[in-house]
Amino acid sequence: MGSEPIERRVSYVGDRLKGSRCPFCGKEYFRVRKYCGNCGRKSLGKMEDIDYFYEKGVLETCTVVKEPTNRFARLGSYIYGIVSFHNGKVRIPGRLTDINLRNDEPINLEDFEGREVVPRFRRRYSVEKSDIIPTISLAFTFADEYYPYQEYEIIRPCKEYEMPGIVGYGVYVSRFRIKEGGIERSVPFIDEDAITASVESGKLALIHSGVDHRLVDKIYVGSESNPYAVNPIASKVAQVLKLGEEEKAEGVQGVDAVDTEFACKAATSMFKDAMALVCYPKNPMKYVMVIGADNAQAAPRGEPGGELDFFVGFGGAAFIFGKEDVIAEAEGWYSCTSDTPDFWRRDLEPYPQHGGRFTGEPAYFKHIIKAGRKLMERMNLKPSDIDYFVCHQPNPAFPARAAAILGFKPEQYAPGLYASKFGNTYSGSSPIGLAAILDQAEPHRRVMIVSYGSGAGSDAYLFVTTSQIKDKRSRQKFTVRYQAENKFLQYVDYATYRKFKEGL
Amino acid sequence: MREKPAIIGIGRTKFGEHYELDPEDLIDEAGLMALDSAGMERKDLDACYISDYLLQVTNKIGLEEGFISQLLERNIPIERMRSFSSALLNACNAIESGRYDAVLVGGMEKMTDRWSKIRDNLMLLEDHWAYYAGGTPETNHELLLREYMKSYGIRSDNQEKLMMTLAQISVKNHRNAVKNEYAHFQREIDVKRVLAARAEEKRVLGLYDFAPISDGATALILASPKRAKEYTDSPVYVLATTLATDYISYSSRPYRAGFIASKISMENALKIAGITLDDIKILEVYDQSTVFEMISLEDLGFIEKGKSWMELHKNFEDFKGFYHLDSKEVYVNTDGGLKADGNPLGATGGAQVFEVVKQLKGEAGQRQIKPDGGLLFGCVQEIEGFGTKVYVHILGGEKCGK
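Listed in order, the protein sequences are those of chains A and B. According to numbering that gives the first Met the number 0, the first sequence is numbered sequentially starting from 0. According to numbering that gives the first Met the number 0, the second sequence is numbered sequentially starting from 0.
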């Protein structure tokens, strides 16, 4: 099978739920159409492009699928039905996702029907390991459960800042958790992976920032769990989120998209590149998006590398950098690198290995402390000058120790500590911590983030929040805390966790 | 009245699992039976219209016309359609236009040949977006039922009555099939079993609500009225054969509590045949699920919209072998329907026509019905896809053929 033209066409329409609307009578279609059935020839070529990607629909009728067709078999049982948008102007088939239906539970379809749902970008179905991974947004979750409906409104920027910085951000962590050894870790649903988490976090960042997606000129996606060895995630994110300008229905986005890789600092490394590009002399980029997302990899317990299986999580964070309507200005940065291979995965190997005790002392701590100290030195700052500190979180203990060594107190680093809620989300780890701080920081607070990537290196940044951080807060319902302490979380056992992580 | 084509011979195989037979073996058997019953030789055929849905995917056969040519050892025009009804409609058009005088119409399917993929293959007949969203061959039937119940506000106790009625439809069809030596399932079931299957599968509709996956073939010989007279004194005429279509995407249809195409097709057929619903005493509906039988009776006009479940529920309190609907008495699926007779897609319509022809000719043996006032007209409804194409054929004996 591999990759066929039909796959691209289905994804182009289905990932975004593209449709058309007649400018004369308002009739809507799912799928792009050149003319309206009511208005005929006068509508030819005048149909408006619409999509249902940011919309909220209603699950009108549904049924339970117990015996899926072959490619859906790994989903087990699920709810399938008809979803309407815009008061029934359009109806499309859809599957509910993020529900782990158990066979012994009675299902009352009336509990599901009539409820509002939001489209989710997910894997479509199982394919051969060598095939292109098909995706679609015909998967839905209830708008009043874990993942809330949020309107995407493009907002005209009102202020240009001296320094570049963060304009908006979004964090996506899945609904499922495993609770073990006193900590919770996020678990992807079976149809999720690093690609879907990247798209979701990018979508949330656009919603939060109010940035016009067409003005994002570059996207970096940092991940170490791209399900492809060769094929970027960033291209999918750019296409689905329609980043950069697009000629009408041409299907090619005017954006530079690239994946980056350096263990858990694949995303933070690009923050400075993103900020440099928006300050580029003569023709600066308007906005640059950086995403760090991982379905953190780990071998099953008992196998080499299986120690990681106690700590891995799933999730991603997206940041949009620019110079207008900045919520956190960058003050400075410092990076350091050494050839310390404490975590690696050889080509064609399914799971990474790591260096045991070696990963702490000469690897993690050495780099984080050096980068943190150096940045404070350069900026002439003491730990007490900094309001919040966050660093890479491979487990709950390491970041607390690193923070203490650097001279930070629990009230400075605790707000960004989520390892005991999400586990280690690899490339998403310190960025999610940063987002958690931005979720609650008042204006004019100084935040330090120090990432760590095995292999090894650290990136340290200092940001100072602006008054606009409060203005944008109302556009972010899906905060880090909301995701960590949500009453709709679903807890799974170890076998389910492994199955979900393995994916479709 | 325009001259109507006549069915002068008809044949079929037993439906079921024919592991040892190729599709061409099946159509050979049905075709020979049809020719034999007409008393016609292969050389007298002017053309063939044959049908199958899935041989391309189940058997990797893509040019069925060649197989038929080889079986017949003839070089006549042969065309392949999807459903038996489509083949019949096109054959009728050809005969009515005066192009041919004797045509073999045949259908075949070999659904058990690739058992592990057949449910995926059936999704070829639906909107591919429904497939991508996780739809299965059963989901639309269940959604149709939900839409029906919501449209007509059927809740709690009434909902239970409706579900019971559906179970009784299945039981009725199984009972009818006991007398049908060609049926896939020649055995009775009881309501308990239908309900138990639903409960066990924790699904709205269960195993016994759906037609099975079958192998089989059917065939008939269609002739111009003039040619028919050379072979038989009692032909059965195709008085009307109509087709109406609907969107492939069920969710996009404005009307989802039934099939608008059924309604249109039936209205046109009655007009063409010049009869009314009251004239139809025997009806074969396409009961791919028990829901289809219930809702088709409304779509075809036998019962008011939204009343079918209640009317049938009353009928089953003291079932006499026919439905008493709105002062009409109509025998439905006397061969066991798709549920029990079987559902080898491309051949299915042929079995429905077979039943009506046999009943009209008084050759239905143990199954023969004897309604008051004789049996003049019969009706067949065949559906392609999920209400996407609906064919209606009205058949009548000598007295109405002219």
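Everything labelled a hint here was simulated from the structure, so no lab data went into it. All figures in this text were calculated on a predicted structure; none of them were measured in a lab. Please note: incorrect hints may appear among the correct ones.
[Stated by the list, open to error] Computed cross-link-like contacts, BS3-like style, restricted to lysine-lysine with a CA-CA straight-line distance of at most 27 angstroms: (1) B/Lys262 / A/Lys498; (2) A/Lys247 / A/Lys26; (3) B/Lys201 / A/Lys65; (4) A/Lys128 / B/Lys116; (5) A/Lys65 / B/Lys262; (6) B/Lys201 / A/Lys26; (7) B/Lys116 / A/Lys498.
So, going through the hints one by one against the coordinates:
{"no.": "1", "hint": "B/Lys262 / A/Lys498", "verdict": "violated, 48 angstroms"}
{"no.": "2", "hint": "A/Lys247 / A/Lys26", "verdict": "holds, 20 angstroms"}
{"no.": "3", "hint": "B/Lys201 / A/Lys65", "verdict": "holds, 8 angstroms"}
{"no.": "4", "hint": "A/Lys128 / B/Lys116", "verdict": "holds, 19 angstroms"}
{"no.": "5", "hint": "A/Lys65 / B/Lys262", "verdict": "violated, 32 angstroms"}
{"no.": "6", "hint": "B/Lys201 / A/Lys26", "verdict": "violated, 38 angstroms"}
{"no.": "7", "hint": "B/Lys116 / A/Lys498", "verdict": "holds, 24 angstroms"}
The structure does not agree with the numbered hints 1, 5, 6 stated previously, though it agrees with the rest.
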